Structures are given as C-alpha cells and as structure tokens.
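Each step along the sequence shown adds one to the number in our numbering, with nothing skipped, and position 458 is 458.
Treat the hints as calculated values from the structure; they're not laboratory data. You can trust all of the hints, since none of them are fake.
Label pairs and their calculated CB-CB ranges: (1) Glu194 / Ser379: 45 to 53 Å; (2) Val337 / Trp411: 40 to 48 Å; (3) Ser580 / Tyr87: 49 to 57 Å; (4) His220 / Lys154: 43 to 51 Å; (5) Thr52 / Val328: 52 to 60 Å; (6) Ile470 / His212: 29 to 37 Å; (7) Leu333 / Glu156: 47 to 55 Å; (8) Ile470 / Leu450: 21 to 29 Å.
Here the structure is a predicted model, which means the values were calculated and not measured. Glycine included, each C-beta is placed from N, C-alpha and C at the ideal position.
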Amino acid sequence: MNSDLKVALVGNPNSGKSTLFNVLTGLNQKIGNFPGVTVDKKTGFSKLSDSTIAQIIDLPGTYSIYPKSHDERIVLNTLADKNNSGYPDLIVFVADATNLKRNLLLYTQVADLKIPIIIALNMMDMAKRAGIEISVDKLAEKLGVQVVPISARKLEGIDQLKQAITFAGKIPLQADAIEIESIAPGLVEKIGSEMQLDNAYMALQFAHHHEHFHFITEHHSDRIEEIEQEFSFHSQKAQATETIARYNFINEVLSDSVKVKIDGKQETISNRIDKVLTHKVFGFLIFFAILFLIFQSIFAWSQYPQSLIEELFIWVAKLGHLYLPTGVLTDLLIDGVLAGLSGVLIFIPQIAILFAFISILEDTGYMSRVTFMMDKIMSKVGLSGKSVIPMIGGFACAVPSIMSARTIESWKDRIITIMVTPLIACSARLPVYALLISLVVPDKRVLGVLNLQGLTLMALYVLSIVSAIIVAWVMKKIIRSRERGYFIMELPVYRMPRWNNVGLTMFQKVKAFVFEAGKVIIAVSVVLWVLASYGPPQKFREIDQKFTYNANKQYSHAQVDRLKASAKLENSFAGILGKSIEPAIKPLGFDWKIGIALITSFAAREVFVGTMATIYSVDSDDTNLGSVRDKMQSARNPKTGLPVFTTAAAFSLMIFYAFAMQCMSTLAVVYRETQHWKWPAIQFVYMTALAYFASLLVYQLLK
Numbered sequence: 001m002n003s004d005l006k007v008a009l010v011g012n013p014n015s016g017k018s019t020l021f022n023v024l025t026g027l028n029q030k031i032g033n034f035p036g037v038t039v040d041k042k043t044g045f046s047k048l049s050d051s052t053i054a055q056i057i058d059l060p061g062t063y064s065i066y067p068k069s070h071d072e073r074i075v076l077n078t079l080a081d082k083n084n085s086g087y088p089d090l091i092v093f094v095a096d097a098t099n100l101k102r103n104l105l106l107y108t109q110v111a112d113l114k115i116p117i118i119i120a121l122n123m124m125d126m127a128k129r130a131g132i133e134i135s136v137d138k139l140a141e142k143l144g145v146q147v148v149p150i151s152a153r154k155l156e157g158i159d160q161l162k163q164a165i166t167f168a169g170k171i172p173l174q175a176d177a178i179e180i181e182s183i184a185p186g187l188v189e190k191i192g193s194e195m196q197l198d199n200a201y202m203a204l205q206f207a208h209h210h211e212h213f214h215f216i217t218e219h220h221s222d223r224i225e226e227i228e229q230e231f232s233f234h235s236q237k238a239q240a241t242e243t244i245a246r247y248n249f250i251n252e253v254l255s256d257s258v259k260v261k262i263d264g265k266q267e268t269i270s271n272r273i274d275k276v277l278t279h280k281v282f283g284f285l286i287f288f289a290i291l292f293l294i295f296q297s298i299f300a301w302s303q304y305p306q307s308l309i310e311e312l313f314i315w316v317a318k319l320g321h322l323y324l325p326t327g328v329l330t331d332l333l334i335d336g337v338l339a340g341l342s343g344v345l346i347f348i349p350q351i352a353i354l355f356a357f358i359s360i361l362e363d364t365g366y367m368s369r370v371t372f373m374m375d376k377i378m379s380k381v382g383l384s385g386k387s388v389i390p391m392i393g394g395f396a397c398a399v400p401s402i403m404s405a406r407t408i409e410s411w412k413d414r415i416i417t418i419m420v421t422p423l424i425a426c427s428a429r430l431p432v433y434a435l436l437i438s439l440v441v442p443d444k445r446v447l448g449v450l451n452l453q454g455l456t457l458m459a460l461y462v463l464s465i466v467s468a469i470i471v472a473w474v475m476k477k478i479i480r481s482r483e484r485g486y487f488i489m490e491l492p493v494y495r496m497p498r499w500n501n502v503g504l505t506m507f508q509k510v511k512a513f514v515f516e517a518g519k520v521i522i523a524v525s526v527v528l529w530v531l532a533s534y535g536p537p538q539k540f541r542e543i544d545q546k547f548t549y550n551a552n553k554q555y556s557h558a559q560v561d562r563l564k565a566s567a568k569l570e571n572s573f574a575g576i577l578g579k580s581i582e583p584a585i586k587p588l589g590f591d592w593k594i595g596i597a598l599i600t601s602f603a604a605r606e607v608f609v610g611t612m613a614t615i616y617s618v619d620s621d622d623t624n625l626g627s628v629r630d631k632m633q634s635a636r637n638p639k640t641g642l643p644v645f646t647t648a649a650a651f652s653l654m655i656f657y658a659f660a661m662q663c664m665s666t667l668a669v670v671y672r673e674t675q676h677w678k679w680p681a682i683q684f685v686y687m688t689a690l691a692y693f694a695s696l697l698v699y700q701l702l703k
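Work the whole structure out from these sequences, hints included.
Next comes the structure, spelled out in structure tokens:
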C-alpha cells in the first residue's frame with residue numbers, strides 16, 4: 001500500500017500511544033524489525049481522507065531522548081538519521097493529559113530536533129475527572145504547535161487528529177524550548193559544521209550518543225570524540241544542565257495553560273484498589289485466583305468450538321477418501337497436509353481465550369501491578385524487577401519477550417532473564433498440554449466447581465514460574481558481575497479494557513499462530529508423511545509378501561490392512577529414526593513413535609500435535625478417521641497390550657515439554673541478543689538435561 005505521508009508516534013510509556021496506533025490503523029498493521037536491531041517495529045496505514053493515506057510508525061515508549069536501554073535508543077536513532085526507513089515527515093507526540101509536566105520533557109527534546117510535530121493530548125476525559133483543566137489554545141500558542149485534545153480509548157477527537165495530520169505543514173514551527181549553544185559553547189557549532197548538520201540540538205545529540213549511532217562511520221565517531229576532548233565536554237553534566245533548563249521552560253508554559261482543582265478522585269480510586277491488589281498477602285492470592293480463572297476458562301469455554309473443528313476435519317477426511325482417487329497424492333493430502341492442519345486449527349479457541357485474558361490484564365493496568373508485586377521475589381533471586389516483564393511476556397511467546405529484556409540495564413540481570421525466560425510456559429506448549437491432559441485427566445469437578453483439567457493446566461504454568469525463579473537463583477551464584485539493576489516503574493491508573501483492542505489482539509495472535517506455526521507444522525507434516533510412508537524397498541517388499549490376504553486367512557481384510565500399515569510405519573525411515581533413539585527415551589515412558597515427535601518438535605513445540613496426527617494417520621487404515629485425540633487414546637503397546645499414553649507416560653511427556661528447549665526461533669533470537677553462540681548452547685544443554693531428568697523422575701514415580 002502506498003502512502004503519501006510517513007508519521008511517527010512518539011510518547012512516554014502508558015501515554016496511550018499503542019492504543020492510538022490501533023485506532024488509527026485498525027487491522028491494517030504489520031510487525032517487522034527496525035533496521036539493524038531486533039526490537040519490534042509496528043507499522044500500519046491509516047486513511048486520513050479520501051485522498052490521503054499515512055504510514056503510521058509506532059516508536060518504542062521512552063521517558064527521555066537520553067536512553068537507558070536498547071529499545072529506547074531506537075527513538076533517537078530513527079529521528080536522527082534522515083536516511084532511516086522510519087524517518088518521519090511528521091511526528092505525532094502522544095501526551096498524557098493527566099501527567100503533562102513529565103510528558104513535556106520528552107516533547108521539548110523531540111521538538112528541538114526540528115521535525116514537524118503535532119501534540120495529541122490524550123486522556124482528556126480522565127484529566128477532567130481528576131480536576132485538571134487544560135487550555136488547549138494557550139498551550140498551543142506557548143509551544144507553537146497544533147494541540148489536538150483526544151481520548152483514544154473512547155475514540156474522541158480522532159477525526160480532528162486525522163484532519164490535523166492531513167493539513168500539517170512541512171516546515172517545523174515549534175518554539176525553541178532552550179538555548180542549545182549555551183549548554184556546550186563552541187562544541188555544538190563545531191560538530192554541526194564538521195558533520196554538516198543544520199540543527200544545533202542534533203549536533204549536541206551527536207556529542208552525547210555518537211557511539212550508539214549505527215549510521216555514522218567510525219572515522220566520524222572518532223572525530224567527535226576528539227572535539228569533545230578539545231572542549232572538555234562532560235555528557236552527564238551537560239544533560240543535567242539541559243534538563244533543568246527544560247523544566248524551567250515547562251513550568252512557565254504550564255503556569256498559564258493548566259489549572260488543577262484539588263480533587264484527585266481518579267487517583268484515589270486507583271490507590272484504594274492498589275491497597276488490595278498489591279497487598280503483600282492478598283495481592284498474591286488474587287493473582288493466583290485470576291490465573292486459576294484463566295486456566296479453568298481455557299478448558300471450559302473451548303470444548304464446544306474444539307469439538308466442531310474436530311468434527312469438521314473428520315468429515316473432510318471422510319469426503320476425501322470417498323471422492324478423491326486412491327493414490328499417493330490423496331494419502332499425502334489427507335494423512336499429511338490435512339492431518340497436520342487439524343493439529344494447528346483445533347487449538348485456535350484455546351489460544352484466543354489465553355490472549356484475550358492477557359490483553360484484558362494489560363489494558364486494565366493490572367499487569368503492571370503484577371510486575372510491581374513480583375519485583376520483591378525477583379530481587380531475592382538476584383534479578384531486577386524489570387525481569388518480570390519479559391518473564392510474564394513469556395506466557396505468550398519467548399521470542400519477543402527475550403527482545404524486551406533490552407530494557408534491563410544490568411548485563412548480568414539481562415543475561416539471566418534471557419536464559420530463564422524460555423522456561424515460562426508459552427502458548428506453543430498449550431496445544432501439547434491440552435492434548436495430553438484431555439487424554440489422561442478426567443473432565444470432572446472437584447468440590448463441585450473446580451475443573452480437574454483446568455487445575456492440572458494451572459499447575460503446569462505455576463511449575464514454569466517456580467522453575468524459572470529457581471534456575472535464576474542458581475545462575476545468580478554462577479554468573480558474576482558488579483553491576484546492580486534498578487527497578488523504576490510508573491503504575492498507570494485502572495481503566496476499563498477497550499474490547500475492540502482485546503478483539504484485535506486476539507485476531508493478531510491467532511493469525512500469527514495459524515500462519516507462523518502453521519507453516520512450520522504443515523511443512524514438517526509433509527516431510528514426516530514422506531519419511532513415515534517410505535522405507536528401505538527390500539523391507540517393504542517383505543512386508544507386502546507377509547501380509548497378503550491368502551497368507552493371513554485368520555484375519556479380516558481391515559485387520560490385515562491395519563497390521564500392514566503398522567509394520568510399514570515401524571520399518572519406514574521415520575520408524576528407523578524413532579527406533580534409534582528409543583533406548584534413550586524408554587526410561588521416560590516413551591516409545592519410538594513419541595521419539596519421532598520429540599525430534600520434529602525441536603523445530604517448534606507445537607509440531608508435536610501435527611506429528612502425532614500424521615503418525616497415527618499413516619498408522620491406520622481408511623476406516624479409522626477419528627480425531628488425533630481418539631487415535632492416541634486407543635493406541636496400544638504391541639508387546640503388553642496396555643495403552644501407550646498412560647497417566648505416567650503422559651505426565652512424563654508434559655514435564656519434558658515444560659523444560660526442553662524445543663524452539664529454533666528462540667535459540668536464534670538468543671544468539672542475536674547476546675551476539676555469541678555460547679549462551680544459546682548453554683541454554684539448549686541445560687534445558688534439555690533438566691527436561692530429561694525431570695521427566696525420568698516423574699515417570700518412575702508414577703508408573
């Protein structure tokens with residue numbers, strides 16, 4: 001989609017920037033990476049008028065242009081480099097009207113870069129309730145920019161903002177906040193001249209940040225260093241001087257444009273709620289009650305839609321066998337592609353429910369409280385409170401969560417967080433857990449209201465949190481560093497969730513699961529079908545001879561087909577692979593078929609379900625067209641006649657998946673974040689060893 005205008009959204013965390021981005025772009029969004037870094041870059045398109053379409057870029061939230069972490073550096077790197085793909089024609093600065101003084105510090109810094117800018121004064125409804133009166137006209141006059149009052153959550157003022165963006169000028173008209181040259185006399189002018197910069201504040205930023213600007217050459221960086229020494233430039237002193245001057249300007253602006261009535265009703269309500277929700281005892285009890293509700297709901301609410309999806313795939317498979325010509329392509333389509341696809345789509349209801357709850361917790365402001373509460377525990381195991389954010393994000397996916405560890409200043413805290421985050425039960429484990437729990441845990445009530453399957457799922461998630469904390473404590477003793485991490489976080493006021501935002505999040509996450517995981521699962525399913533359908537030719541000829549109808553008159557035709565399919569699978573290339581690792585996994589309660597699934601799952605955990613669907617489709621005749629769960633439930637050990645998936649084997653398998661590093665994407669992002677293969681190698685080895693021995697212990701205790 002072509003756009004006439006490139007607009008960057010800039011603002012503090014919790015200013016409503018992401019909400020505004022969703023409102024402006026709707027479903028027309030995509031996620032990528034900023035050039036040269038692995039931090040998420042959200043872009044989308046917004047139709048401003050019949051003739052104007054704008055590309056909207058959502059930059060990471062930051063409190064200042066002076067970054068404390070990797071992702072905050074993105075803001076300045078994007079705005080300082082005119083050749084950057086994200087360099088905007090216009091900045092929309094999203095300011096929280098309830099905390100304007102703090103927000104205006106970042107605004108004055110960004111405005112002094114002299115890129116055309118508009119202020120979207122967000123949360124005006126909340127400011128009014130808190131007794132804050134803002135004269136928008138006076139504020140606009142003092143700053144020299146358009147100020148558009150909005151409430152992104154209530155969709156108020158959005159049309160006016162779009163109109164302001166459409167007719168914004170291309171020349172920066174904002175008033176100067178401070179005299180830049182007075183902060184570092186001589187230095188600013190010389191850097192500006194040598195680097196051919198037409199903006200004094202940009203020249204000052206080159207002095208502060210040239211080591212982190214990926215778009216300037218090493219020669220230029222060295223030259224800036226020489227100029228700094230020539231003028232005895234001290235970065236921290238200059239920053240302190242600048243900040244004091246900016247707040248003097250901000251106080252002068254606000255004295256004429258903002259009046260506060262002593263009310264504070266909204267803040268008081270939030271504080272009253274916090275006394276309960278962040279209580280040192282009740283806070284944790286409420287948190288676990290919410291977790292319990294989530295996992296109960298995942299099973300209870302998903303049963304009916306899952307049954308419909310199951311029945312749909314069984315019906316389609318029957319139609320396929322009935323109307324498609326018998327042959328290799330039909331088998332590949334039904335037993336490979338269709339079976340793999342069913343393993344993905346059947347878990348859409350559970351994935352959607354999980355992300356709906358996560359979105360609601362984030363939207364209401366409760367997730368910030370969880371982070372605050374968990375900081376006390378994190379500090380005791382040697383982690384920063386900021387480690388909680390990636391770890392909670394790990395419930396969704398480890399990949400973006402590991403990226404978000406860039407907000408942690410301490411190298412040691414960041415490395416430990418990266419190393420333990422994959423232990424948190426991510427959404428890729430959910431299909432595995434859900435399938436195995438449904439096989440061995442009865443769908444019955446405990447104490448009349450508690451669903452036993454939901455309790456089991458919650459126990460697995462709690463286990464993941466506890467194990468991550470224990471491993472972090474061990475690593476704290478092993479990894480040495482003198483750095484100390486600090487946890488500073490603003491708690492947003494409580495708000496009602498925006499239901500269209502929740503719906504959008506559900507749609508995006510389900511779409512990502514289906515298309516990203518689905519591509520891997522279907523590809524693996526097709527390869528696996530080939531490996532499971534073919535084997536050494538001589539061996540297959542012997543099986544065909546052995547299972548002729550004439551030689552086996554004691555069996556019916558259906559029984560012969562079943563025995564032949566089972567024998568061919570066992571002697572196929574996939575069977576040979578599974579048999580080769582069976583001695584190592586037999587003590588865990590796993591057979592060679594599960595062994596095949598373990599190998600394929602190292603690409604991605606959710607591949608397990610698709611693998612089981614493919615294996616048991618290849619291992620059956622055309623009359624057995626039940627769901628993968630039915631086939632696994634009826635699977636028997638040929639030697640003992642007992643079920644393959646006993647309670648002991650199923651729990652052993654769940655524990656293995658709880659701890660094993662079975663995600664190539666996670667290993668890749670750990671390498672990209674640490675810039676060394678040592679850390680992903682250590683992570684892979686320790687997690688696989690932990691999975692093996694924990695699984696062994698569980699099976700031996702339960703069998």
